[in-house]
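Quick note, the sequences are listed as chains A and B, same order. Sequential numbering from 1 applies to the first sequence in my numbering. Sequential numbering from 1 applies to the second sequence in my numbering.
What the hints contain is simulated information worked out from the structure, not anything from laboratory work. There may be inaccurate statements among the hints.
Output of the computed footprint for chain B on chain A, the stretches with three or more beta carbons under 8 Å from beta carbons of chain B [claimed, not checked]:
id, region
1, 290 to 298
2, 301 to 313
Taking CB as the label site, the calculated pair distances span [what the hints assert, rightly or not]:
id, chain 1, residue 1, chain 2, residue 2, range
3, B, D273, A, M46, 39 to 47 Å
4, B, D273, A, Y216, 50 to 58 Å
5, B, R105, A, E39, 53 to 61 Å
6, A, A10, B, A93, 54 to 62 Å
7, B, G187, A, R332, 51 to 59 Å
8, B, D243, A, R219, 54 to 62 Å
9, B, D273, A, A10, 54 to 62 Å
10, A, L306, B, P226, 20 to 28 Å
Only part of the chain A face toward chain B is listed, based on derived beta-carbon distances under 7 Å [as the list claims (entries may be wrong)]:
id, residue
11, E63
12, L64
13, L66
14, P67
All C-beta atoms, glycine included, are put in the ideal place defined by N, C-alpha and C.
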Amino acid sequence: MQLWFQTPPAQRSILSVLIPVALLLVFCCLASLFYGAGEVGPIDVMALLMGGGSDDARFVVLELRLPRTLIGIFAGLSLGLAGALMQSVARNPLAEPGLLGVSSGSAFAVAIALVLGASTATLSIGLAQLGALLGCFCVMGVARMQGQRNDPIRLVLAGAALSSLLIAMTSLLLLYNERAADEIRFWVTGSIAGRNVDQLLSLLPSFVIALACVVYVARPLASLALGERVAIGLGYKPGRIRLIVVFAVALLVGAATAIAGPVMFVGLVVPFAARALVGPDIRRTLWLCLPIGPLVILTADVFSRLVAQPAEMPLGVLTAMVGAPVLLAIVRAHRLPTL
Amino acid sequence: MSLLGGLGRSAGLFFGLVCALPVLADDITVATKYGNVTVSDKVERIVTVHEGALDAAFALGFEPIGAISTRGGDGVARYIQATAKNVNIVGTARETNLEAVIAQRPDIILASYRLPAEQYALLSKIAPTIVPQGEGIRPDGWIREMRVYAKALNREQEAEQILQAVADRAAQIKTQLQAKLPADQRGAALIRWMPQGALVLTSQFFTTGLLAQTGFEVTDSGLIKPGRPHSSPLSLENLSKIDNDWIFMATLDEEGQKALDAAKQSPAFARLDVVKRDHVFPVDGQLWTSASGPIAANAILDDIQTLLNTKVQ
């Protein structure tokens, strides 16, 4: 009998991978409830789950850790899916919403709103999504430039330039308006602590729309990976598919950014791990992205609480520390996989 | 030969006289962090590159012509804006604009003890630069600073009177406070609220020093590493560590009440006892966390007096 990790990734049955990863995610969710920067430890949480527990423990678990776990799951789902979609449509394993300026576009839009008088509590999600959409269009424009296909790193360079430009413009707004500065700075670091969980509900409709888009484009995207002609031959319209993908990515990244701020590298790491487990077929990758996205964010978040007690490290710092080596590994690999 | 020698001697005498002239004009020598600095006793054009120096210079009856902007603002701090309306901004706390300083043609530059040696080297070429000896953050740091500035500006007596007046007023408020507040209800902390949590300011600070002088028992809950002005932003899970009898909440914008309302939206903040008892007092961060000096001290004492009059029965 062959164990699942002895077979080549592309030949594994999807369930044989999905189930262990999902179990790992459950474990990670529990860790996210059990551990924090405060004094409420696993024993208190167990007591609480048994129906007892102190008032403090109840508050910390139900009002602080549970919401941030939910937000982490949501942001992980969104960013993982968005990363896989972008990489597939750009045919580039380095395409990532954070690296390519989609998140920064979204952050810039939110910064403008904050300067104009909105507060983080009443933040317009639509605006973040609009900013993400504009960022997406810029990136996709670059991606289709002549010669890019031969050199995926060029796309990343262009994205980095766009991203820095938008970050610089956001900093300019910070200088211009000090009231907003604190809120923007908090928000720009990327974190799932202290966010408004009520916002999660208002994000659900756009998330559902984005999921519908993903279901709709999964199969066409897979055929697009075989070449544009094949896709056309199978009756798909590549232009329209790309447009739908861009729309879905904007919805997902905009929503994730609105609630958690720009969290870099998650969209890079998650599809990378998914491909390593089940091979490059986008339909299989997308399935795996579902548990891996939240897994990455929650693991990073639990660490971010534990390394700087009684303060916390920003989540974005940790995801970057995991993500940057992965980026280098992909770039340094002998052959960049073509998607 | 003798003619030449006589010429030489008289030239020497003349040279000596020229050198002696400034000494005759009663120069003042001040011991600073970077050695003895000599200044004329009739300075007119004062540039301050430290908020505490601006405050002290005005308190001593001077009209400084240049100052740095307050943290988080374009001009000087709000509390001193009316007094210092003619001051030109020559930089920020982080960075002095040397060209702007030169343009003011200062007779003297007053700086903070934190002024780095490289900055001192440049500024002291423009005018005598007074950098007081500093011993880190301590509640009486501003008093030591003020005495050095006063010496350089030749107003030492006035300085002592001003300092005494502040101390007297603080003592008077302390008597009121002790009459109104029982001994077990005098705990206080100074925080800055940010959406991801709160920063606690050290009890060794200028402002927290004044709070202690007026009878509050200021705590920083052991959250601050030695020598640091404030803690890192606390995890929301640890917010209960700042709970206290009184909390002074500094905000950088004017609408302190608004900031307090925003903070109350965070469930972790709203459930603190001090918030439930409505014992959080929003204060101007430009005054409470950035400024120092006797005018600032009086403005802070005003705030404390207001608190006693309005929130304490």
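Okay, the hints, checked on the actual structure:
no.: 1; hint: 290 to 298; in the structure: violated (count 0)
no.: 2; hint: 301 to 313; in the structure: holds (count 6)
no.: 3; hint: D273(B) - M46(A): 39 to 47 Å; in the structure: violated, 27 Å
no.: 4; hint: D273(B) - Y216(A): 50 to 58 Å; in the structure: holds, 53 Å
no.: 5; hint: R105(B) - E39(A): 53 to 61 Å; in the structure: holds, 59 Å
no.: 6; hint: A10(A) - A93(B): 54 to 62 Å; in the structure: holds, 59 Å
no.: 7; hint: G187(B) - R332(A): 51 to 59 Å; in the structure: holds, 57 Å
no.: 8; hint: D243(B) - R219(A): 54 to 62 Å; in the structure: holds, 57 Å
no.: 9; hint: D273(B) - A10(A): 54 to 62 Å; in the structure: holds, 60 Å
no.: 10; hint: L306(A) - P226(B): 20 to 28 Å; in the structure: holds, 24 Å
no.: 11; hint: E63; in the structure: holds, 5 Å
no.: 12; hint: L64; in the structure: holds, 5 Å
no.: 13; hint: L66; in the structure: violated, 12 Å
no.: 14; hint: P67; in the structure: violated, 9 Å
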